[in-house]
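Engineer: If you want the building blocks of each chain, they are given just below.
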Amino acid sequence: MKPRTSMVILFLLPASLFYLALFLVPAAWAFYYSAFDWSGFSDTMTFVGAGNFIRLLTEDPVFWRSFGNTLKIIFVGGFFTFSLAFLLAVLLNSGIKGKKVFRALIFMPNVIATIALTTLWAFAIYSPRSGILPNFFKLIGWEAGTKFLWMSPEHVFWSMLIAIVWINVGYFVVLILAGMDGIPLEFYEAAQLGRLSIHYGVWKTPAHLPVGLRHCHWRDDAPADCCSQYRCAPPDEARIPAILGENP
Amino acid sequence: MDQDADQVAGGLVAAGQGYSLNEFITPEFEATFVPSVLHMFDVDGQTYLIPYVYNPAQFFYSKAAFEKAGVTAPKTWDELLIACEKITAAGLSPIAVESDIQGYNAVFFTYLLARLKGPGWMKEAAYDKTGEMWKDSAVLQAAQMSVELWAKGCVPEVSKGYKWPQAQQTVAAGETAMELVGAWLPTELVSATGPDFQWGSFNFPEVAGGAGKSTDMMAFMLSYMVLKDAPHPKESFEFIKFMLSEENQKGMVAAGLVGVPRKGVAWPANIADSQVAAETATVVFGEGDGLQGANAELWVKVIRDPFNDMFVGNVTPEQFVEKLAADTATFWK
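Heads up: the protein sequence lines correspond to chains A and B, in order. Anchor point for the first sequence: position 44 equals 44 in the numbering used here, and the numbering is continuous, going up by one each time. Converting from the second sequence to the numbering used here requires adding 1000 to each position, the first position being numbered 1.
FYI, nobody ran anything at the bench for these hints, they're computed from the structure.
Here are the simulated EDC-like pairs of lysine to aspartate or glutamate, each with C-alpha atoms no more than 20 Å apart in a straight line: (1) B:Lys1228 x A:Asp43; (2) B:Lys1129 x A:Asp60; (3) B:Lys1323 x B:Asp1128; (4) A:Lys147 x B:Asp1100; (5) B:Lys1323 x A:Asp60; (6) B:Lys1152 x B:Glu1098; (7) B:Lys1135 x B:Glu1318; (8) B:Lys1163 x A:Glu154; (9) A:Lys147 x B:Glu1098; (10) B:Lys1129 x A:Glu59; (11) B:Lys1086 x B:Glu1067; (12) A:Lys72 x A:Asp60; (13) B:Lys1063 x B:Glu1175; (14) B:Lys1241 x B:Glu1028; (15) A:Lys147 x B:Glu1175; (16) B:Lys1301 x A:Glu59; (17) B:Lys1333 x A:Glu59; (18) B:Lys1333 x A:Asp37; (19) A:Lys138 x B:Glu1175; (20) B:Lys1250 x B:Glu1279; (21) B:Lys1333 x A:Asp60; (22) B:Lys1301 x B:Glu1098; (23) B:Lys1301 x B:Glu1318; (24) B:Lys1301 x A:Asp37; (25) A:Lys147 x B:Glu1157; (26) A:Lys138 x B:Glu1157; (27) B:Lys1323 x A:Glu59; (28) B:Lys1301 x A:Asp60; (29) B:Lys1323 x B:Glu1124.
With the sequences and hints as input, model every part of the structure.
Structural biologist: Set out below in structure tokens:
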């Protein structure tokens, strides 16, 4: 065995053993138990095969309700989480001052225990007595908003979904920002030009772009008046890599 | 081991993991307990659980709030509704309800059925495998009476937006007058109320024409049990006896501010009314008329949680009763 391979095994072993003992083995046991009618305490276990699963799928309304809620969290929550994460990432990447501070603030919910976060939302934000939201509505004199019960049975799911989006959005902002940081600035410029060439009717070239890029002849079908207000150059695609700082 | 008696009875004992302590229980030992509590959780004449903390389920109220509203502890349901009106008129909320604690809210249903039909009836109805007993008019009446509390302003609508312990905090803050819960409430709230807050408590009121008495009481007990496979059951029981000695029960009262089942040990001042209730109780039953201990799944899934769904206004009393009958029949199939 090569020294490198044994080193890899040595370093992987502790984590793998923990994972095996604390996750895979219990999961396998749970699957085994699922084939029995058993309270978890009694000495007798009656084998029922897939009976528990059939009961779960055909007789248990709570299962379907919770499954439906899970889907809503994934798709509705996921949609808003990603949309908001992209929006925030773009804003943070737009050259805003204090980017790192904002990024840390947005990411912060990820390092706080979920129980503390849900308590924060239930007590400090939504509570009819002490919550920020009802009290803010009171302050601005919006009666209906004051009386809205965020945590009542009919509203609690959507109220907490907002909290879930808030909790998760920071994680994806950081991932997307990391991705954005890896893109060279020139690509943005090129992308902007690309956009300009497509929407040549409404373009305005930002002043900070290299002069050489300020032409509208990337496409042969550009209308003649496209060049009327800007210095034009003939189509010269061979020049673009050089302008972008790439080796031809 | 020790735990909440209803939970252990419905879990370990129901699964046959308890050691019957009958062989050790002497008449002298039995005589040290206040009435009705030692055999609350017996199964087929066998005693598995020995209680050591006694939490009567009652209305716990702020004496200051009752004084301000000019009301005294109501003895009947109608008196309770009148008290609600007076308390509301005094600018306070009458009853605190934690909308998300099904176990607390089901105490209303348990008591209303116990007052209307007598203790033990609810359990009997749950064990009727056809579900037909739930169609007794008293069940719908109990459901309607519990909803009536909201309609008449006894429970403010805002309670639907509370998560435990927000409602009980309103009692501590002097905004709400009372709450139906176990005798742990004054102790649980002591950091919010301070030690000088004056508490009183009263039994769930009687209902006119009902079969139950106001002294039929529900209680949450903390109990000891010995596991079936314990290598030294005799020594385990000796330890239980030691913990239930007068000295140790007094110690629990002093340190934990709790009520205890041993006769002659004074309970803390803020639950003194509960001790009187415990000593004069005619019948003592566990959570859900003993159903939590006898059949936890039946109690929680078929009765308790659907009741709460109705209590907070998601379904009507009629729909609840219909579902109760249907789900009970399905459960026993």
